[in-house]
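Enquirer: Protein sequences, first through last, are from chains Z and F. In terms of this note's numbering, the first sequence opens at residue 1 and continues consecutively. In terms of this note's numbering, the second sequence opens at residue 1 and continues consecutively.
I should point out that these hints are in silico values taken from the structure, not numbers from a laboratory. Heads up, the beta-carbon is just placed ideally off N, CA and C, and yes, glycines get one too. Don't take every hint at face value.
Claimed, not checked - Mimicking EDC-like on lysine to aspartate or glutamate, the simulated pairs with C-alpha atoms at most 20 angstroms apart in a straight line are:
#: 1; chain 1: F; residue 1: Lys70; chain 2: F; residue 2: Asp59
#: 2; chain 1: Z; residue 1: Lys56; chain 2: Z; residue 2: Asp78
#: 3; chain 1: Z; residue 1: Lys36; chain 2: Z; residue 2: Asp58
#: 4; chain 1: F; residue 1: Lys9; chain 2: Z; residue 2: Asp3
#: 5; chain 1: Z; residue 1: Lys68; chain 2: Z; residue 2: Asp58
#: 6; chain 1: Z; residue 1: Lys36; chain 2: F; residue 2: Asp38
#: 7; chain 1: F; residue 1: Lys14; chain 2: F; residue 2: Asp30
#: 8; chain 1: F; residue 1: Lys57; chain 2: Z; residue 2: Asp3
#: 9; chain 1: Z; residue 1: Lys56; chain 2: F; residue 2: Glu103
#: 10; chain 1: F; residue 1: Lys57; chain 2: F; residue 2: Asp30
#: 11; chain 1: Z; residue 1: Lys70; chain 2: Z; residue 2: Glu14
#: 12; chain 1: Z; residue 1: Lys70; chain 2: Z; residue 2: Asp54
#: 13; chain 1: Z; residue 1: Lys56; chain 2: Z; residue 2: Asp69
#: 14; chain 1: F; residue 1: Lys83; chain 2: F; residue 2: Glu62
#: 15; chain 1: Z; residue 1: Lys36; chain 2: F; residue 2: Glu103
As the list claims (entries may be wrong) - Counterexamples of contact, computed for chain Z against chain F with all Cβ distances above 12 angstroms:
#: 16; residue: Gln6
#: 17; residue: Leu8
#: 18; residue: Asp16
#: 19; residue: Ser27
#: 20; residue: Met55
#: 21; residue: Gln57
#: 22; residue: Leu61
#: 23; residue: Ser84
#: 24; residue: Gly104
#: 25; residue: Leu107
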Amino acid sequence: GEDVEQSLFLSVREGDSSVINCTYTDSSSTYLYWYKQEPGAGLQLLTYIFSNMDMKQDQRLTVLLNKKDKHLSLRIADTQTGDSAIYFCAERVAGRRALTFGSGTRLQVQP
Amino acid sequence: DGGITQSPKYLFRKEGQNVTLSCEQNLNHDAMYWYRQDPGQGLRLIYYSQIVNDFQKGDIAEGYSVSREKKESFPLTVTSAQKNPTAFYLCASSIPLGQANTEAFFGQGTRLTVV
Chain Z
1 GEDVEQSLFL SVREGDSSVI NCTYTDSSST YLYWYKQEPG AGLQLLTYIF SNMDMKQDQR
61 LTVLLNKKDK HLSLRIADTQ TGDSAIYFCA ERVAGRRALT FGSGTRLQVQ P
Chain F
1 DGGITQSPKY LFRKEGQNVT LSCEQNLNHD AMYWYRQDPG QGLRLIYYSQ IVNDFQKGDI
61 AEGYSVSREK KESFPLTVTS AQKNPTAFYL CASSIPLGQA NTEAFFGQGT RLTVV
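So here's chain Z without its partners, still in its complex pose:
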């Protein structure tokens, strides 16, 4: 089946690390993505990971992939108020014509 799930809300204090989690069900996922959406705007790609990798780091962002458990996480180090947004994970599955998105996690960063 095709299902991507995320928790709806996360609140952290400025300067702390944020960890946003995502689970997916389709084991034939090839790429997994993290997108950021600011209020009233479209989605912006933050990072992605190929399914044969287990970790990818890009500045403050760290993506961890546990393919056995079908679990993806995004860690944001030193979270800033400008990181407040909705974060979507998405999967690309072989043979499927469009990305499948989770429901999004709203990250609130408190000063």
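Based on these hints, arrange chain F on the given structure of chain Z.
Expert: Chain F in isolation, oriented as in the chain Z frame:
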């Protein structure tokens, strides 16, 4: 600059009317997509097109129609048959998903409200 442009940003529709949302891209992408976003439900695929003059229904195509006469343009019509059209609509484009890693680029969205 290359990108995707959606217009208008806000759109109001009376019940029983059809409305058309515009999506234009100058990224030379073959594939284009329309998603609907409702609070707490993420993005749901309405229609997608892999190439000019071809398009396919997504998961929630009922009450919507599209055309793809030009590579750059993929307009979405919300018809009167769509019973609950109030939502945020997002257009995206990419190279076809069969080609290596494919990032989808998104427009800024159109918020449609039925009045």
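Enquirer: Between lysine 56 of chain Z and aspartate 78 of chain Z, does the CA-CA distance stay at or below 20 angstroms?
Expert: Given pair lysine 56 of chain Z, aspartate 78 of chain Z holds - Cα atoms ~17 angstroms apart, limit 20 angstroms.
Enquirer: When you check the alpha-carbon spacing of lysine 36 of chain Z and glutamate 103 of chain F, does it fall within 20 angstroms?
Expert: Since the Cα atoms of lysine 36 of chain Z and glutamate 103 of chain F sit roughly 13 angstroms apart, the hinted pair holds (cutoff 20 angstroms).
Enquirer: Taking the shortest Cβ-to-Cβ distance between glycine 104 of chain Z and chain F, state whether it exceeds 12 angstroms.
Expert: violated, 5 angstroms
Enquirer: Given the hinted pair lysine 70 of chain F and aspartate 59 of chain F, is their Cα-Cα distance within 20 angstroms?
Expert: Status violated; Cα separation ~24 angstroms.
Enquirer: Given the proposed pairing of lysine 9 of chain F with aspartate 3 of chain Z, does the C-alpha separation stay at or below 20 angstroms?
Expert: This hinted pair is violated, its Cα atoms lying about 30 angstroms apart.
Enquirer: Does the claim that aspartate 16 of chain Z lies outside the interface with chain F hold up, using a Cβ gap greater than 12 angstroms?
Expert: The claim holds: aspartate 16 of chain Z sits with its nearest Cβ about 25 angstroms from chain F, beyond 12 angstroms.
Enquirer: Between the alpha carbons of lysine 36 of chain Z and aspartate 58 of chain Z, is the straight-line distance 20 angstroms or under?
Expert: Distance ~15 angstroms between lysine 36 of chain Z and aspartate 58 of chain Z Cα, so the pair holds.
Enquirer: Mind verifying the non-interface call on leucine 8 of chain Z? Its CB should be farther than 12 angstroms from each CB in chain F.
Expert: violated, 6 angstroms
Enquirer: Check whether the Cα positions of lysine 14 of chain F and aspartate 30 of chain F lie no farther apart than 20 angstroms.
Expert: violated, 33 angstroms
Enquirer: When you check the alpha-carbon spacing of lysine 68 of chain Z and aspartate 58 of chain Z, does it fall within 20 angstroms?
Expert: violated, 23 angstroms
Enquirer: Hinted pair, alpha-carbon criterion (20 angstroms max): lysine 57 of chain F, aspartate 30 of chain F. Please report holds or violated.
Expert: holds, 17 angstroms
Enquirer: Do the alpha carbons of lysine 57 of chain F and aspartate 3 of chain Z lie within 20 angstroms of each other, as the hint requires?
Expert: holds, 18 angstroms
Consistency with the previously given hints fails for numbers 1, 4, 5, 7, 11, 16, 17 and 24, ordered from lowest to highest.
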